[in-house]
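J.: Construct the entire structure; sequences and hints are all you get.
Residues per chain are reported as follows:
Protein chains: 6
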Amino acid sequence: MFLHVQRLLNEIVPDEPDPAAANALQEGLGGQFGEMRTMMQYLFQSFNFRGPDGKPFRDLLYGVGTEEIGHVELIATTIARLTDGSPRYQGSATDDMDTPGAGGATPLSAALTEGNIHHYLVGAQGALPVDAQGDPWTGKYVYDSGNLPLNLLYNLMLESTGRLQKCRLYEMTANKTARSTIAYLIVRDQAHENAYAKALEALGVNWNTLLPIPKTNAEKFPEVATLLEQGLQSKQYTFSLDQLSEAGKLYRGPSPSNDGTTLSTAQAPDGVPMDIAVERPEEFGPGLDPELLAMVQAVAEMEADEPAGQWGRVG
Amino acid sequence: MFLHVQRLLNEIVPDEPDPAAANALQEGLGGQFGEMRTMMQYLFQSFNFRGPDGKPFRDLLYGVGTEEIGHVELIATTIARLTDGSPRYQGSATDDMDTPGAGGATPLSAALTEGNIHHYLVGAQGALPVDAQGDPWTGKYVYDSGNLPLNLLYNLMLESTGRLQKCRLYEMTANKTARSTIAYLIVRDQAHENAYAKALEALGVNWNTLLPIPKTNAEKFPEVATLLEQGLQSKQYTFSLDQLSEAGKLYRGPSPSNDGTTLSTAQAPDGVPMDIAVERPEEFGPGLDPELLAMVQAVAEMEADEPAGQWGRVG
Amino acid sequence: MFLHVQRLLNEIVPDEPDPAAANALQEGLGGQFGEMRTMMQYLFQSFNFRGPDGKPFRDLLYGVGTEEIGHVELIATTIARLTDGSPRYQGSATDDMDTPGAGGATPLSAALTEGNIHHYLVGAQGALPVDAQGDPWTGKYVYDSGNLPLNLLYNLMLESTGRLQKCRLYEMTANKTARSTIAYLIVRDQAHENAYAKALEALGVNWNTLLPIPKTNAEKFPEVATLLEQGLQSKQYTFSLDQLSEAGKLYRGPSPSNDGTTLSTAQAPDGVPMDIAVERPEEFGPGLDPELLAMVQAVAEMEADEPAGQWGRVG
Amino acid sequence: MFLHVQRLLNEIVPDEPDPAAANALQEGLGGQFGEMRTMMQYLFQSFNFRGPDGKPFRDLLYGVGTEEIGHVELIATTIARLTDGSPRYQGSATDDMDTPGAGGATPLSAALTEGNIHHYLVGAQGALPVDAQGDPWTGKYVYDSGNLPLNLLYNLMLESTGRLQKCRLYEMTANKTARSTIAYLIVRDQAHENAYAKALEALGVNWNTLLPIPKTNAEKFPEVATLLEQGLQSKQYTFSLDQLSEAGKLYRGPSPSNDGTTLSTAQAPDGVPMDIAVERPEEFGPGLDPELLAMVQAVAEMEADEPAGQWGRVG
Amino acid sequence: MFLHVQRLLNEIVPDEPDPAAANALQEGLGGQFGEMRTMMQYLFQSFNFRGPDGKPFRDLLYGVGTEEIGHVELIATTIARLTDGSPRYQGSATDDMDTPGAGGATPLSAALTEGNIHHYLVGAQGALPVDAQGDPWTGKYVYDSGNLPLNLLYNLMLESTGRLQKCRLYEMTANKTARSTIAYLIVRDQAHENAYAKALEALGVNWNTLLPIPKTNAEKFPEVATLLEQGLQSKQYTFSLDQLSEAGKLYRGPSPSNDGTTLSTAQAPDGVPMDIAVERPEEFGPGLDPELLAMVQAVAEMEADEPAGQWGRVG
Amino acid sequence: MFLHVQRLLNEIVPDEPDPAAANALQEGLGGQFGEMRTMMQYLFQSFNFRGPDGKPFRDLLYGVGTEEIGHVELIATTIARLTDGSPRYQGSATDDMDTPGAGGATPLSAALTEGNIHHYLVGAQGALPVDAQGDPWTGKYVYDSGNLPLNLLYNLMLESTGRLQKCRLYEMTANKTARSTIAYLIVRDQAHENAYAKALEALGVNWNTLLPIPKTNAEKFPEVATLLEQGLQSKQYTFSLDQLSEAGKLYRGPSPSNDGTTLSTAQAPDGVPMDIAVERPEEFGPGLDPELLAMVQAVAEMEADEPAGQWGRVG
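Residue numbers (UniProt numbering), protein chains in the order written: chain A, 1 to 315; chain B, 1 to 315; chain C, 1 to 315; chain D, 1 to 315; chain E, 1 to 315; chain F, 1 to 315.
Be a bit skeptical, because a hint or two may be false.
Below 20 Å or equal to it, Euclidean Cα-Cα: the simulated DMTMM-like pairs (lysine to aspartate or glutamate) are [to be verified]:
hint, chain 1, residue 1, chain 2, residue 2
1, E, LYS220, B, ASP289
2, F, LYS235, F, GLU201
3, A, LYS235, A, GLU11
4, F, LYS55, E, ASP242
5, B, LYS215, C, GLU291
6, D, LYS176, D, GLU223
7, B, LYS235, B, ASP289
8, E, LYS235, E, ASP259
9, F, LYS235, E, ASP305
10, E, LYS235, E, GLU223
11, A, LYS55, B, ASP305
12, E, LYS55, F, GLU201
13, E, LYS220, E, GLU201
14, D, LYS235, D, GLU201
15, C, LYS215, E, ASP275
16, D, LYS220, A, ASP289
17, B, LYS55, A, GLU291
18, B, LYS176, B, GLU11
19, F, LYS176, F, ASP15
20, E, LYS55, F, ASP15
21, E, LYS215, B, GLU11
Keep in mind that the hints were calculated from the coordinates and are not lab data.
T.: Okay, here's the thing in structure tokens:
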């Protein structure tokens with residue numbers, strides 16, 4: 001069972017909307033090596049795990065898998081921010097609900113030439129479960145052979161490929177909204193590389209100088225360097241609410257990345273508050289006329305019953 | 001951000017392995033109207049939500065979406081139980097790691113004729129992200145138009161179709177492992193039908209006698225009837241760890257299902273403990289020889305550092 | 001623009017339900033060389049046709065394409081008849097709406113082992129737009145190069161492959177319901193082979209003894225032989241309501257199949273009346289409780305206004 | 001059985017070719033909520049319909065489904081007009097058959113950067129069965145649960161989503177060719193929304209102020225406003241040649257869209273004449289050299305036999 | 001450039017036809033971890049290879065990739081042997097061309113219940129480019145990140161997964177035709193595991209006791225044990241006709257599988273002669289009537305000109 | 001079994017990088033009518049061939065299929081050349097390994113707007129197994145009906161369609177790298193058209209003036225005209241290393257293209273030498289830091305053992 005906290009794992013820095021960058025980031029969300037895939041792969045490997053002796057391995061998978069749900073939330077929200085109002089940015093905004101305004105304006109004309117037209121036509125300037133080519137995510141991506149060494153080897157390759165693609169994404173755009181999330185994920189992918197490399201070390205492998213993959217000089221990616229200085233690449237969260245996770249038995253000791261750090265675990269990061277996107281009348285999103293809006297506001301102003309929570313109330 | 005608790009939402013009743021029932025249940029996991037789809041659809045609708053006035057609607061989506069991750073966990077585990085050891089059940093078990101035993105036995109021969117061969121060939125008797133035809137889950141299933149009335153209408157239809165398919169699944173197998181999860185999901189789908197129907201009532205619709213869909217007499221599905229008597233179809237969990245959810249402003253008052261009950265919310269159910277599946281040497285799962293197994297056991301016997309948790313430690 | 005007549009192109013002979021035969025026939029409906037594909041291919045070739053000089057060629061395409069919509073109707077209805085009541089046939093029928101009846105019966109258990117489980121789980125014992133492997137029909141099948149000789153060559157190959165597959169289907173089942181439609185389509189596919197072969201003859205090709213493909217001795221397929229005796233393989237319908245079709249300029253003269261017949265055209269066949277399938281309560285199809293059923297019956301008993309029709313009223 | 005008339009449902013207004021608009025319109029043809037989908041969904045629901053009491057409901061489905069075939073014809077032709085000659089529009093036309101003309105010209109260079117390259121490379125400047133991302137239409141889109149209330153609910157959502165997307169398309173382009181068809185389909189989608197909403201009213205639902213979805217002010221879409229003034233959103237055609245359709249028992253009375261109109265049925269609209277597209281030698285479409293062209297012309301000049309038609313000759 | 005030799009890489013042992021085993025073997029041909037995938041992946045990695053210093057690595061990829069084309073040939077032929085005549089095996093054979101014989105026999109009825117119906121309906125009892133679920137092979141399987149360490153890691157995982165699946169296939173069937181090819185591929189997959197593991201050793205990794213994956217006791221798979229005794233798991237062919245391959249610089253020294261053998265290379269194995277399958281009249285394969293057959297035989301009896309070959313003539 | 005020679009079938013002329021042309025050429029590699037498809041289709045038809053009398057037909061298929069593997073190699077290499085360094089071409093190159101250089105440069109920004117983003121994000125400026133829309137190649141493309149006349153008819157259509165698309169590609173770009181390969185494939189496709197047309201002539205068909213398809217005036221495609229003058233459209237290679245091929249019994253006599261040439265066969269063309277692409281540090285391809293590079297160079301400098309080859313050593 002899973003619970004939700006209304007906080008994002010990392011802050012999304014504001015910048016101009018940028019449909020092309022949004023489209024590129026879709027690879028990190030719905031691509032073959034994106035966050036939806038890591039999430040599903042680790043969760044299926046957790047659900048199907050065999051061998052009670054291996055509980056620390058399973059709990060490591062559960063922890064990374066649960067973190068990835070939060071990554072999906074983070075990168076989806078980033079994409080939504082990058083598409084939000086992008087036609088306005090293109091100079092064709094309209095101000096009232098019934099676009100196309102008086103006499104047939106074209107507030108969404110930018111959708112024909114920028115990024116993924118589905119961001120404007122199928123969704124209302126939000127994220128989609130597709131990659132940077134517009135191809136939908138598929139369950140065929142999920143790998144779970146049931147063989148522990150093979151799964152670990154695959155997961156190490158998967159995190160390294162994800163990190164490789166995010167390094168390439170960083171080189172494609174200087175948009176700060178995009179880069180704040182890209183840089184964060186580059187570092188977290190390295191933390192996960194470390195996790196699976198360490199688990200394979202527990203089975204005897206010596207990586208020598210092969211890791212991390214890809215090889216990079218952090219000082220050349222400024223936003224990444226800042227996070228590395230905080231040691232974020234060497235810390236793993238368990239996201240284990242009842243703290244029954246034994247992932248800490250694996251994720252400790254010197255980093256396989258040969259950067260001189262020591263691995264350690266924690267329950268969860270603090271995160272940052274979430275907000276709700278504004279209306280986009282040209283998209284009919286949420287598409288309420290004054291009458292329906294009044295009904296929605298009436299609900300929002302109601303007094304909610306405070307349910308008693310077994311996990312306590314925080315924040 | 002999401003957290004995990006090592007408990008399942010509902011108990012899985014033990015029974016004989018049954019590959020054909022396992023295959024049928026895949027529709028409820030990875031099918032067009034299964035739990036992976038509801039999970040992803042509600043989460044994307046939450047991430048992309050527009051209109052701060054609509055927070056109770058968004059929080060309702062977040063709550064149901066978070067519950068669905070737990071449904072994915074529950075039904076995947078159920079499928080894994082139904083496939084686990086099924087060749088053994090067919091009378092062709094082997095006892096040691098190096099199957100096919102002495103001289104070329106065929107412990108997995110049942111895979112050629114029962115259920116989905118990939119359960120035995122691609123995975124190691126575990127769940128797959130596919131439907132009952134073996135087709136992989138696809139991001140094309142996810143619907144998020146950005147228009148609130150349309151999304152609610154779609155979600156009502158989606159939950160009703162999910163419930164319809166689970167009623168049909170119930171009629172396909174009497175296996176108790178399968179039915180314990182099917183019956184639970186029939187009732188939870190109705191709870192979610194109520195959620196979206198109620199949200200549309202808040203926008204003015206009067207359903208009269210149309211709901212629930214499909215129409216059923218509960219007393220003819222004994223396992224379902226038991227859960228209905230507990231009122232599980234009229235209770236919605238927020239799964240909101242910081243209890244900021246405002247879903248309770250919508251999910252209250254008389255049930256749209258016309259069964260005389262009153263809707264109410266709670267943070268989370270108690271759930272039941274999880275365990276880890278046994279080894280299946282004929283599948284090379286987890287596939288450790290004595291040397292590697294010793295290394296795994298050494299990890300398991302380590303003393304874990306107890307990380308301090310901001311959400312407290314429970315259980 | 002298209003109009004509909006409530007008549008089927010050929011009679012469907014009654015026989016026992018047969019889920020396996022129904023599944024095989026799906027290839028003829030939603031397969032790569034099935035009726036949905038021929039329908040869509042010829043219609044797209046008609047819509048995109050280039051060259052006003054070629055109107056007889058375009059009209060030939062429109063006529064065959066319109067016939068194929070009726071073939072889709074015919075084979076879909078045949079599949080629905082083959083699946084209808086098949087669980088009953090398996091000896092597990094129930095009689096009232098709220099299956100699984102008293103205490104958890106399994107009226108749909110046959111779905112786990114016979115044919116395509118989606119016939120019972122996703123649909124309510126009806127046809128699906130998929131092939132005999134359960135793969136959905138895809139727009140990738142449609143071929144329209146815009147080059148007339150290539151399109152004709154492809155269409156000749158397509159009809160021949162369709163006819164080949166239907167000959168193989170005939171050899172797979174002796175069910176009379178299935179065979180009545182298979183035999184009819186074998187003969188109509190030959191009529192369409194003749195159409196495209198003749199159009200290529202108009203461009204100079206001499207087929208000599210190559211056609212028809214595949215080579216068969218009609219007397220060994222009794223149901224086919226009966227239709228051949230009626231000359232149905234050498235007649236083409238224009239399905240042209242305003243009779244502006246010029247297909248008859250091409251479809252005439254000696255048959256390219258070398259069977260001694262002469263090709264000719266007509267507007268449309270007589271067809272046979274259609275009926276509406278009975279209810280299947282175990283499928284919740286149509287899923288009306290007494291209260292909803294009463295409302296439906298009230299509609300059915302209304303007096304309809306008789307709309308004036310520009311095409312006249314027939315039948 | 002179906003028949004064809006050589007007339008389009010609505011006039012396509014001439015304007016400049018526009019490959020980007022053509023690509024966008026593909027969503028309305030081959031997209032998840034486009035005309036191929038509505039056509040196939042309603043036809044399958046008609047073929048598989050259960051319950052003789054529900055004939056008016058089935059006939060409503062048949063009528064809308066038959067209209068959708070004509071919509072496919074209309075939007076495909078519109079796309080073909082928008083791509084036709086578009087390279088010429090880009091200033092790189094050639095005049096004779098054997099492009100690339102003398103010495104290696106590039107008359108199709110615009111295809112590398114505008115719209116969907118397959119419009120020029122796979123087809124010869126014609127419509128394709130794909131969406132605005134180039135993804136092929138798939139049978140997975142078709143929904144037929146066999147449950148009448150669910151099917152109606154889905155269809156209402158489907159038409160509303162189709163209309164939402166067409167409103168967004170309207171805002172993306174001011175090309176008159178594109179808009180003439182977009183505006184027509186916006187209005188017809190509303191007519192179909194009314195059809196399914198009315199059918200659900202017959203089952204007891206009261207929509208209050210929820211419809212139409214999306215909410216729009218017609219006066220801001222000039223081409224739409226013109227059609228609404230004609231009442232086209234409140235009229236439904238049966239397209240029933242033998243006039244056995246009982247759809248008129250449902251489609252009558254006050255409109256569920258709350259626009260003060262009254263619903264009514266008719267057999268079919270008048271439509272407008274069709275023509276055949278010119279040759280495009282740079283595409284090798286139809287690709288005839290003088291010798292082959294002479295053969296084609298010889299066929300066109302033949303005297304056709306006039307087949308006797310059972311449905312009479314009109315137009 | 002590639003050349004072909006009319007010899008198979010390994011002998012296919014005759015046994016009874018077995019459609020279910022044939023279907024299972026499709027996973028090894030067209031599955032996500034089958035021979036079509038390894039072939040394409042290594043060839044694309046060869047074509048796109050970067051870094052002239054890495055020629056031995058590229059040549060290793062070219063050599064294994066070229067071997068995989070021969071594996072595709074071997075396993076496709078094996079599947080064709082397993083399906084060939086299987087209806088006959090089921091007791092429903094017919095003897096002359098015009099099946100279904102006199103009066104409507106069903107020689108292909110077994111296709112409805114055994115293996116993949118497409119083996120009999122789409123093909124003529126031959127191999128298909130699909131997996132054991134009937135899903136077509138897709139280019140999405142091919143992995144080429146352009147990063148050498150990542151590609152090697154992936155390839156090691158890929159070969160190990162292929163070998164894991166073939167071990168499971170071995171446990172599913174005792175058919176000798178199937179097992180002769182399965183056993184051969186188990187051993188060759190290990191040779192390829194060794195290749196990629198060795199290449200990673202050249203980059204510093206120490207595998208210790210992790211390999212091979214999966215861990216097996218050869219003596220329990222008799223057919224495999226025979227091949228291991230010949231050292232076939234430690235020999236790699238370059239398939240380099242001009243012998244410019246430098247793969248031998250990598251593939252040498254002690255085996256990473258820790259079995260005490262030493263790796264070595266050779267140009268190509270001897271192979272065994274190929275033959276041509278017999279006709280299947282019930283499949284219309286090749287579907288020649290006496291007249292067409294006479295024309296084919298006339299060609300076969302012609303005297304061929306002997307082309308001069310630059311690579312010499314052998315065999 | 002297959003062998004490889006380190007030579008390309010035709011020379012690739014150097015020119016500027018051009019991502020848009022690279023993307024267009026993907027249709028010729030991984031498209032529905034591209035080289036991967038012809039390769040796989042002819043190889044499967046060879047593996048599954050029925051009828052020992054038809055050996056010349058099978059050998060023709062084997063020869064063309066083997067040539068197509070070399071076409072895949074040629075066009076993939078061409079695409080890699082067209083993408084290689086294209087960001088540099090855009091003026092944003094960086095010189096050392098750790099891009100994005102000092103302080104966050106964007107050397108890959110062109111990937112957001114030019115061609116297929118996956119060329120830069122998923123691969124490292126290399127070819128992909130996809131078409132010009134980015135859709136992956138699929139096994140569904142492969143046609144093998146098992147019926148010889150049908151297979152030949154399909155293959156003739158396939159080669160003609162491939163040639164049609166390449167003629168259109170020629171008209172889309174004047175890049176010399178692209179055109180050198182396009183022109184070569186136009187001519188080879190005609191050679192293969194001749195092969196299948198000739199095989200159908202052996203079965204009695206008289207093509208009269210229909211071929212070649214499409215009709216073109218060679219003098220207007222200068223690069224094509226040069227190759228036609230060499231007679232390359234009328235020569236077929238057997239690629240048969242042991243020279244057991246009997247394809248020459250079919251491929252001889254006057255050309256069905258009516259160009260006055262006579263068909264003839266040879267073993268293999270000379271080809272041209274291959275090289276290895278340079279490193280692209282901004283892509284982390286091959287991604288070696290100095291330490292790893294030193295290890296790779298150490299391997300390259302080793303003395304290789306010279307394996308004795310049964311096919312002799314050439315070149």
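J.: Return the numbers of the hints above that this structure violates; sort them in rising order.
T.: Failing hints, ascending: 4, 7, 12, 13, 15, 20, 21.
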